[in-house]
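K.L.:
Modelling step: build the complete structure from the supplied sequences, incorporating the hints.
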Amino acid sequence: MPFIAVEYVYRDGSVPDRDLHRPAHLAWLSELVNQRHVLTAGPYLDDSGALLLLDAPNAEAAAKLLSDDPFTHAGIVVEARYTEWNPVIGTFTGPL
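So the sequence shown is residues 10 to 105, counted in my numbering.
Calculated from the structure, these hints are not laboratory results. By construction, the Cβ of each residue, glycine as well, lies at the ideal position given by its N, Cα and C atoms. Some clues are possibly wrong.
Claimed, not checked - Ranges of calculated distance between the beta carbons of each label pair, as one might list FRET restraints: (1) Asp26 to Asn95: 30 to 36 angstroms; (2) Val97 to Asp21: 17 to 23 angstroms; (3) Ala14 to Asn43: 19 to 25 angstroms; (4) Val97 to Val24: 35 to 41 angstroms.
P.N.:
Set out below in structure tokens:
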């Protein structure tokens, strides 16, 4: 079963804006986790962006799910890359 890996690219110098909008961003993201659309998400340690793993049928559906992200509305996310991903071993697969 494929998933959608989404790579957010953050605007340079956006740390103050991220700090300001993080509570709304995390509350919104938590709703998508509760609805089982977002499997996991988190920022890169170099502050350049974030990786999100979505359970969505395709990139278009994933983009629609993420369209209300407060980080996007605040101009923090300057690019989002959507890639279909097919895990073959590990946490996101069935028993071998």
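K.L.:
All hints, please: hold or fail.
P.N.:
Now the hints, each set against the structure:
Range check, Asp26 to Asn95: about 35 angstroms between beta-carbon atoms, so the 30 to 36 angstroms window is met. As the Cβ distance of Val97 to Asp21 is approximately 36 angstroms, the hint placing it in 17 to 23 angstroms is violated. In this structure, Ala14 and Asn43 meet the distance hint of 19 to 25 angstroms, their C-beta atoms being roughly 21 angstroms apart. The supplied range of 35 to 41 angstroms is met by Val97 and Val24, whose beta-carbon atoms lie about 36 angstroms from each other.
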